[in-house]
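J.: So you can see what is in the structure, the chains are spelled out below.
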Amino acid sequence: MNRDHTTLLRLRKARRYILLYALLIAIAIAIILPISWIVASSFSTRETVWKNVLPFSWRAFFPADFTLDGYQAIFEKDFGRALLNTFFLGAVTVVFGIAVGAMSGFAFARLKFRAKNFLFALVIFSFMIPGDLTIIPSFVLVRDLGWLGTWQGLIVPGLANGIIIFLFRQFFAEIPQDLIDAPRVDGATWLQVFIRIILPISKPALISAGVILFLGQWNNFFWPLLVAPDPELRVVQVAVSIIGIEQQVHLWEQMFASSTLAMLVPVLLILPFQRYYVGGILGSGLKG
Amino acid sequence: MRNKLRLERWTPAFFLAPAIILLIVFRYIPIVLGFEEALYTNSLSLAGARKFVGLNNFIAVFEDPVVWGSFKTTMVFSLVVNPLQVGLALLLAELINQRVPGIAVFRAIYLVPVAISMNVTAIAWGLALDPNYGLINGIIRTLGLPRQPFLQHPSQALWSIIGIISWIGVPYWSLFFLAGLQGISSDVLESAHVDGAGSLRTFISIKLPLLRRIIAFVLVSDTVVNFTLFAPIYLITRGGPQLSTHLVMYEAYRRGLVYGDIGIASAIISVLLIVVVAFVAVEFIVLRPRH
Chain A
99 MNRDHTTLLR LRKARRYILL YALLIAIAIA IILPISWIVA SSFSTRETVW
149 KNVLPFSWRA FFPADFTLDG YQAIFEKDFG RALLNTFFLG AVTVVFGIAV
199 GAMSGFAFAR LKFRAKNFLF ALVIFSFMIP GDLTIIPSFV LVRDLGWLGT
249 WQGLIVPGLA NGIIIFLFRQ FFAEIPQDLI DAPRVDGATW LQVFIRIILP
299 ISKPALISAG VILFLGQWNN FFWPLLVAPD PELRVVQVAV SIIGIEQQVH
349 LWEQMFASST LAMLVPVLLI LPFQRYYVGG ILGSGLKG
Chain B
402 MRNKLRLERW TPAFFLAPAI ILLIVFRYIP IVLGFEEALY TNSLSLAGAR
452 KFVGLNNFIA VFEDPVVWGS FKTTMVFSLV VNPLQVGLAL LLAELINQRV
502 PGIAVFRAIY LVPVAISMNV TAIAWGLALD PNYGLINGII RTLGLPRQPF
552 LQHPSQALWS IIGIISWIGV PYWSLFFLAG LQGISSDVLE SAHVDGAGSL
602 RTFISIKLPL LRRIIAFVLV SDTVVNFTLF APIYLITRGG PQLSTHLVMY
652 EAYRRGLVYG DIGIASAIIS VLLIVVVAFV AVEFIVLRPR H
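Protein chains in written order, with this note's numbering: chain A, 99 to 386; chain B, 402 to 692.
There's no promise every hint is true.
Claimed, not checked - Calculated lysine to aspartate or glutamate pairs in the DMTMM-like style (CA-CA distance at most 25 Å, straight line):
no., chain 1, residue 1, chain 2, residue 2
1, A, K214, B, E591
2, A, K111, B, E409
3, A, K111, B, D596
4, B, K473, A, D230
5, A, K214, A, E272
6, B, K452, A, D242
7, A, K111, B, E495
8, A, K210, B, D596
Source of the hints: derived by calculation from the structure; they are not laboratory data. These figures come from a predicted structure and were not determined experimentally.
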C-alpha cells in the first residue's frame with residue numbers, strides 16, 4: 099500500500115517533469131528557429147536562399163551551400179561604416195550617459211537641496227513617457243538647433259536617461275554612511291568623495307548602466323532614421339532597414355547577412371551580462 | 402574655509418545640472434513644442450507657409466477619417482496586445498520560476514529576443530511570414546495545410562504584427578514577473594502547500610494577488626510603449642493592407658515627415674500624449690504606497 103503510494107507520487111512527478119521540459123523546449127525552439135533560419139540563410143546565395151523553405155527541409159536552419167556573397171555585398175555598400183558608426187555612437191553614449199546619470203543619481207541619493215522631490219518627479223515622469231512619443235517635436239527642436247545630420251543630433255538628446263539616473267540613485271542610496279562620513283570629516287569635497295570612494299565600489303551599477311545605454315543605442319532606429327539617415331552617419335539599424343526595404347530588387351542574402359550582424363552584437367553583449375542587464379531594467383519597475 | 406563653504410553650496414547644482422538641463426531641453430521642451438506646433442499649419446514646408454490655425458489641427462484629428470481611423474485601430478490593437486502580452490508573460494515567468502535542472506539555460510535562451518531590435522525582428526518575421534517564400538508558409542504547406550496571407554490580408558495583418566512584437570514583448574515583461582515571483586516568501590507558498598492547494602490554485606489565489614503592483618506597472622508600461630509602435634509598420638505593412646495596420650505613430654510620421662505637415666502630426670501626438678499621461682496618472686494612484 100505504502101509502496102504503491104510512493105510509486106504513484108513518483109509517476110506524477112515524472113509526468114510533471116516531462117510536461118515542463120516539453121513546454122520549455124517548445125518555447126526555446128520558437129525563439130531559436132527563426133534566428134537560426136536567418137543566420138543559415140545569410141550564408142546562401144540569392145538563388146538558393148529559398149530552396150529549403152518549400153518543400154520545407156530541416157536544412158533551412160543550417161548553412162547548406164556555404165557562401166559569403168551576402169556579407170561581401172553589404173560590406174561593399176559600406177555596412178562596415180555603419181557598424182563602426184554605431185560602435186562609436188554607443189561608446190560615446192555610454193561614457194557621457196554614465197557621467198550624467200551617476201552624478202545626478204548621487205545628488206538624489208546623498209545630497210540635500212531644495213526642490214529635491216520635484217526634480218526627482220521630473221526624472222521619474224521622463225521615463226514614463228517614451229521618447230519615441232515626442233519624436234516629431236524633438237525632430238523640430240534638433241532641426242532648429244541646426245543639428246540634423248550631425249553627431250551631436252544623434253548623441254546629445256539621449257544622454258540624460260531617467261532609468262539610468264534612477265538606477266544610480268537606488269544603488270548609491272544603499273552605500274553605508276560611514277564610507278562617506280570618514281573622508282568628509284577629513285575635509286574631502288563631495289566631488290572627491292564621489293570619484294575616489296563611490297565610483298570604485300559601484301562596478302555593478304556602472305556595468306548595468308553601460309549595457310543598457312549601449313543596447314539602447316545599438317537598437318535605436320526611429321531617431322537616427324529621422325536625424326541622420328545619410329551614409330556618413332548611418333547607423334546599423336538604419337542600414338539594415340535600407341537594405342531591407344528601399345531596394346527595387348529583393349536582395350535576400352544581403353537582408354539576411356545584415357540582420358545577422360545587427361543581432362549578433364547585442365546578443366553577445368547581453369548573455370555574459372544578463373544579471374546586470376536584468377537587474378538594471380528591473381529597478382525601474384519594482385521599487386518605484 | 403569660507404571659500405570652501407561657498408563652493409559646497411553649489412555642489413548639488415554641479416552634480417544635477419547636466420541631467421536636469423538635458424531632461425528639460427530634450428524631453429520636456431518637445432512636449433510643449435508639440436502642443437505649440439499643433440496650433441500652426443504646414444510648418445515644415447517653405448517658411449512663409451507657417452500659419453496660425455488655432456485648434457483646427459485638433460479638430461482635424463477627430464474629423465479626418467484616416468487620422469481618427471488610426472486612433473481607432475490603435476485602440477483595438479492596444480486592447481488585444483497588452484492583456485495578451487501581460488498574460489503570456491505571467492505564464493512564462495511562472496514556467497521559468499520552476500527550480501529544475503537546466504533552467505538557467507532556458508532563461509538565457511528566453512533573454513535572446515530581448516536583445517534583438519524591433520527593427521531586425523520586424524524584417525526577419527516579415528520575411529518568415531511572406532505568403533510566397535516565407536518559412537512559416539513553407540512549414541504550413543509541407544504539412545499539407547492551405548497557404549496563409551498573414552501580413553498581406555486585412556483580416557490577418559494586425560494579428561501578425563501583434564504576434565511579431567510579442568516575440569520580444571512577452572520574454573521582456575516576463576523578467577519583471579519572474580523577479581516578482583522570486584520575491585514571494587517561501588513560507589507563504591509552504592503553508593499553501595500544507596493546506597492542500599495545488600499549483601494552479603496557488604498561482605491564482607496567492608501569487609497573482611501578491612503580484613498586483615507589478616502587473617499594474619507592466620500593463621501601463623506595455624500600453625504606453627505599444628502606443629508608439631512604429632518600426633514594424635514602417636518596415637513591413639506601411640499601414641496596409643486597407644489601413645488595417647495603420648497605427649497612430651505611423652500616421653503621425655506620415656503626416657509630419659512624409660507630407661511635411663508638422664502641425665497635424667503634432668496635434669496627433671499631443672492627443673496621444675494626453676492619453677498616455679492619463680494612463681500614467683492612474684498608475685501612480687494605483688501604485689501609491691499604502692501606509
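J.: Against this structure, judge whether each hint is valid.
T.: Each hint tested on the structure:
Restraint check: the Cα-Cα separation between K214/A and E591/B comes to about 43 Å, which exceeds 25 Å; the hinted pair is violated. For the hint pairing K111/A with E409/B, the CA-to-CA distance comes to about 65 Å; that exceeds 25 Å, so the pair is violated. The straight-line distance between the Cα atoms of K111/A and D596/B is roughly 19 Å, inside the 25 Å bound, and the hint therefore holds. Between K473/B and D230/A, the direct Cα distance comes to roughly 20 Å. Compliance with the 25 Å bound is thereby established for this hinted pair.
Only pairs whose Cα atoms come within 25 Å are accepted, and K214/A paired with E272/A is accepted, the gap being roughly 18 Å. Of the pairs offered as hints, the one joining K452/B and D242/A holds, with about 17 Å between alpha carbons and a cut-off of 25 Å not exceeded. In summary, the hint linking K111/A to E495/B is supported, as the alpha carbons are separated by about 17 Å, within the 25 Å threshold. For the proposed pair K210/A and D596/B, the alpha carbon gap of about 50 Å is over 25 Å, so the pair is violated.
Checked against the numbered hints above, the structure violates hints 1, 2 and 8; every other hint is satisfied.
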